Amino acid sequence: KSRSKAPSVVESPHSKRQEHVDIVASTLDQPERRDPSFAAQLQLRDNYRCVITGQLNTDQWEHEGEPENVFHGPTEGAHIIPFAFASWPGVSGAPRDTSSTWALLYKCFPTLREKLSVEEINTLRNRITLRDSVHVQFRKFTIALKRTVIGNDLPGNHAHSYYQDIENEYKIETYKRYPPADIHAIPS
Numbered sequence: 501k502s503r504s505k506a507p508s509v510v511e512s513p514h515s516k517r518q519e520h521v522d523i524v525a526s527t528l529d530q531p532e533r534r535d536p537s538f539a540a541q542l543q544l545r546d547n548y549r550c551v552i553t554g555q556l557n558t559d560q561w562e563h564e565g566e567p568e569n570v571f572h573g574p575t576e577g578a579h580i581i582p583f584a585f586a587s588w589p590g591v592s593g594a595p596r597d598t599s600s601t602w603a604l605l606y607k608c609f610p611t612l613r614e615k616l617s618v619e620e621i622n623t624l625r626n627r628i629t630l631r632d633s634v635h636v637q638f639r640k641f642t643i644a645l646k647r648t649v650i651g652n653d654l655p656g657n658h659a660h661s662y663y664q665d666i667e668n669e670y671k672i673e674t675y676k677r678y679p680p681a682d683i684h685a686i687p688s
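Under our numbering, the first residue of the sequence shown carries the number 501, and numbering increases by one thereafter.
These are calculated hints, taken from the structure and not from any lab test.
Fair warning: this is a prediction, and the values are worked out from it, not measured in the lab.
Worth double-checking, as some hints may not be accurate.
[To be verified] Across the chosen pairs, the derived CB separations fall in these ranges: (1) R647 / E564: 27 to 37 Å; (2) R639 / K615: 13 to 23 Å; (3) F641 / T611: 19 to 29 Å; (4) E564 / K607: 38 to 48 Å; (5) N569 / E614: 35 to 45 Å; (6) D632 / L544: 11 to 21 Å; (7) E568 / K607: 43 to 53 Å; (8) A540 / I683: 23 to 33 Å; (9) E564 / T623: 24 to 34 Å; (10) P687 / I580: 15 to 25 Å.
Glycine included, C-beta positions come from ideal geometry on N, C-alpha and C.
Working from the sequences, and respecting the hints, build out all of it.
This is the structure:
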């Protein structure tokens, strides 16, 4: 497989942001390497299905005796945070734009720091099984998974509400560049 190119990040003129970049850079020791054993673990965890379309992996469909009325297609593992954000082969230390990218990710998604670090980019926590055509669109940001939350008013204080993520349940969002012919495969 080819290595995805990390998006470019423009340096910020703000010194405070630069401090955050320097802090993140100090944690980026070694680049991550792809681990081929993850494919089997990921397929098993996701029940050999695309997490968005629910379609069964074609190889698994054949293994199960080609059951009728079961939608199937080629699936592959996808990184949620791109693998390129933790891979910089042939360079000593993380490139500056990689450090800037992680600083920006942590700023835009504050809880990400608690859930995922650079060292964990190639773990099952950062991967999902997608139909190959969906993976292409996922990389192009024409489809996204939005978190699902439940909310309650806190007792005795109606000025604040309490919201909690529903773990591993997401709303599927497509954008105008998502191919209209492929929308039918996405559950509504």
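Hint numbers not upheld by this structure, sorted from lowest to highest: none
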